[in-house]
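Q: If you want the building blocks of each chain, they are given just below.
Protein chains: 2
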Amino acid sequence: MKKLINRPEDVVKEELEGIALAFPDMVKVHFDPNFIYRADAPVRGKVAVISGGGSGHEPMHGGFVGVGMLDAACPGQVFTSPTPDQMLEAAKMVDGGAGVLYIVKNYTGDVMNFEMAADMARAEGLRVLNILIDDDVAVKDSLYTAGRRGVGTTVLAEKICGAAAERGYDLRRVADLCRRVNINGRSMGMALTPCTVPMAGKPTFELAEDEMEVGIGIHGEPGRERMKLKTADEITEMLAISIIEDPEYRRTVREFDEEKGEWVDVELVDPPFRRGDRVLAFVNSMGGTPDIELPIIYRKLHEICEKKGLIIVRRLIGRYITSLEMQGCSITLLRMDDEMIDLWDAPVKTPGLRWGI
Amino acid sequence: MKKLINRPEDVVKEELEGIALAFPDMVKVHFDPNFIYRADAPVRGKVAVISGGGSGHEPMHGGFVGVGMLDAACPGQVFTSPTPDQMLEAAKMVDGGAGVLYIVKNYTGDVMNFEMAADMARAEGLRVLNILIDDDVAVKDSLYTAGRRGVGTTVLAEKICGAAAERGYDLRRVADLCRRVNINGRSMGMALTPCTVPMAGKPTFELAEDEMEVGIGIHGEPGRERMKLKTADEITEMLAISIIEDPEYRRTVREFDEEKGEWVDVELVDPPFRRGDRVLAFVNSMGGTPDIELPIIYRKLHEICEKKGLIIVRRLIGRYITSLEMQGCSITLLRMDDEMIDLWDAPVKTPGLRWGI
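Chains as they are written, first to last, in my numbering: chain L, 6 to 362; chain W, 6 to 362.
If you are wondering where the hints come from, they were derived from the structure by calculation, not from laboratory data. No experiment lies behind these values; they were computed from the predicted model shown. Worth double-checking, as some hints may not be accurate.
No copy labels: a pair is met if it fits in one copy or bridges any two.
Unchecked claim - Here are the computed lysine-lysine pairs in the DSS-like style, where the Cα-Cα straight-line distance is at most 30 Å: (1) Lys33 with Lys97; (2) Lys97 with Lys313; (3) Lys233 with Lys18; (4) Lys233 with Lys354; (5) Lys235 with Lys207; (6) Lys18 with Lys354; (7) Lys33 with Lys354; (8) Lys97 with Lys233; (9) Lys18 with Lys235; (10) Lys235 with Lys7; (11) Lys265 with Lys97; (12) Lys7 with Lys312; (13) Lys7 with Lys233; (14) Lys354 with Lys145; (15) Lys235 with Lys313; (16) Lys7 with Lys313; (17) Lys33 with Lys312; (18) Lys18 with Lys312; (19) Lys233 with Lys312.
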């Protein structure tokens, strides 16, 4: 295993120590339990937006903490869910009195722990809502998931909801917006190479020199198909068409009903893309893919969107939700309305995403 | 070779096509000869800052074109110098009447071609000055260089000189500032893995599973020493101490003397770092290194700088000058004065570096 690390068991702790030293104007770090939070938290009267998940997907989520995006992020060990005490303590630290939104990627451990944390926080008098992100069209159910996995749309939801909270939206409105982003976003990824979790010391899976995995998850979970390596154009077409032609998607998720005071089942429906939809096109590197390759993917995606009548109104191209050093990419398309576009453009200042400030 | 590309010979062309589609608010792309230039160029009355070099180091240089940084960038094929006609046509496209500064990394081909382009541009009535970046302390002379290689300080010089040009500095003053950034910046890099040039189809060098190369160049040129893999702390210490304890460095470079109307030898002296110096600390990924590892490097660098009495006043952490998918990192320390700090903080809006706009 070749990595720029010291002891594998210290990777996350030392990463957090480095982040605290590197970005003191944007974030602070709390240890035991571990979370990264806005340097100016709590912001009185503002809804606090919190996310979290296993480490190894940097800059997500810790790199998205700062003005205009997340108030806090809870990192687990690499590819391991954070624990409820991290989420609870983060909420208590950043709550500005207007409540807390937990943005939760749909992985069994994350979902369970964020639900538990929300219950604990409510028991301590905080207002907390959880919204799920489940946008990966590649597979229904997978290794760590019931239903679709939460991937690229998470980054976009964190930016848009962070901007909304900054504008003074109340908790219910930020949560409704987050749900709307989720049902309008779809993603799919692929990998050329595996990655190695530091504590494991060996690749999470094997791929032959002429093979790739299409529909892969961000922890290297199996995707739709292992196949012979194809060209960038063919790969982009496979991902983009799977996203654009994905039919209506219906499922039931659990959300907390504040009036009833209990968790309830909510039916969500992702409407399929239609000609004339305005979209944000997000080309994401899995981590190890060099930057020279991403515009080649974008070029073909742009052509396909034009052909399918989708109007690209915003773009994000780079490494934002990664799988350590895995080579590969994912594509996310988010159907945007005027409000989302306006919030996307709002100023943001985080280690991983920054403009306007 | 596993890459997200179509035909190897089309990589740069298709990358440029993708960039043109992806960032139309920031840049335009000219083909045959190839260069990326500011969407609003030429900016009347402003000095134009241009750089360029082989592709494969993205986001450098093309990703640094935009308001507050470069007016144009000339990409060669991967790891291959661009040609004088690219540099000449770029200068003619973006010259706003106040002259052009070519920022040139010290590689034999780049230096020669940028000198030729400057002579050709002058013959066509443009005012052009060339400033060299030669900041890599790892080796004197190397595979493609007489003298030290140009590496990380290039990114910082492009940001600082771009801001100065935006503020209305005249050509002489931007060139003097660029020279000052160069003599105050020092870098060194290392690699855990090689990278593969698309047209070559195989790794540029081999490293055993337990080996690393310290002092490596951004094209995989041999460094100071091939050795057994060490910890992140040990690696950071090797790089940082080599930089901080590098003695005074004297050499002669060629610059164009406008009064004499000819190229002249100029003696440059890099003063060594001293306790109390204010520095920008730049931790750079070679491309394939995951983001989780960079704060671990920064953490140790911060500790070493404190011990050595260097005051870190600004930081840059991420992938900015890369070698395709090579895993590894480089460190750059730039001694800053008030003027450089102020220019560093100025707004910038490019695909690869952005804040304040």
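Q: Are the hints correct? Go through all of them and say.
A: Quick rundown of the hints versus the structure:
Taking the closest pair of Cα atoms, Lys33 and Lys97 come within 30 Å of each other only inside a single copy of the chain (15 Å); across copies the shortest separation is 48 Å, beyond that limit. With identical chains, the CA atoms of Lys97 and Lys313 are never at most 30 Å apart, being 46 Å at best within one copy and 39 Å at best between copies. For the identical chains of this complex, Lys233 and Lys18 are inter-copy neighbours only, at 25 Å across copies versus 39 Å inside a copy, given an alpha-carbon limit of 30 Å. Taking identical chains as interchangeable, the C-alpha atoms of Lys233 and Lys354 are never at most 30 Å apart, the minima being 41 Å within one chain and 39 Å between chains.
For the homomeric pair Lys235 and Lys207, the shortest alpha-carbon distances inside one copy (26 Å) and between copies (18 Å) are both at most 30 Å. Proximity of Lys18 to Lys354 under the C-alpha cut-off of 30 Å is restricted to the intra-copy arrangement: shortest distance 23 Å within a copy versus 33 Å between copies. When the C-alpha separation of Lys33 and Lys354 is checked against a cutoff of 30 Å, the pair qualifies both within a copy, at 14 Å, and between copies, at 26 Å. Neither within a single protomer nor between protomers do Lys97 and Lys233 lie at most 30 Å apart by alpha-carbon distance, with minima of 50 Å and 46 Å respectively.
In the homo-oligomer, the alpha carbons of Lys18 and Lys235 lie at most 30 Å apart only across protomers (19 Å), although the nearest pairing inside one protomer, at 39 Å, exceeds that limit. Taking the shortest alpha-carbon separations for Lys235 and Lys7, both the intra-copy value of 27 Å and the inter-copy value of 10 Å come in at or below 30 Å. In this assembly of identical chains, Lys265 and Lys97 lie within 30 Å of each other by CA distance solely inside one copy; the values are 23 Å within and 69 Å between copies. For the homomeric pair Lys7 and Lys312, the shortest alpha-carbon distance between copies (28 Å) is at most 30 Å, but the shortest distance inside one copy (43 Å) is not.
Both within a single protomer and between protomers do Lys7 and Lys233 lie at most 30 Å apart by alpha-carbon distance, with minima of 27 Å and 11 Å respectively. With identical chains, the CA atoms of Lys354 and Lys145 are never at most 30 Å apart, being 35 Å at best within one copy and 40 Å at best between copies. Taking the shortest Cα distances, Lys235 and Lys313 sit within 30 Å of each other inside one copy (22 Å), while across copies they are farther apart (51 Å). For a Cα distance limit of 30 Å, the shortest separation of Lys7 from Lys313 across copies, 29 Å, qualifies, whereas the shortest one inside one copy, 43 Å, does not.
Proximity of Lys33 to Lys312 under the C-alpha cut-off of 30 Å is restricted to the inter-copy arrangement: shortest distance 23 Å between copies versus 46 Å within a copy. In the homo-oligomer, the alpha carbons of Lys18 and Lys312 lie at most 30 Å apart only across protomers (22 Å), although the nearest pairing inside one protomer, at 47 Å, exceeds that limit. In the homo-oligomer, the alpha carbons of Lys233 and Lys312 lie at most 30 Å apart inside one protomer (26 Å), although the nearest pairing across protomers, at 52 Å, exceeds that limit.
The structure fails hints 2, 4, 8 and 14 (numbered hints given earlier, in ascending order).
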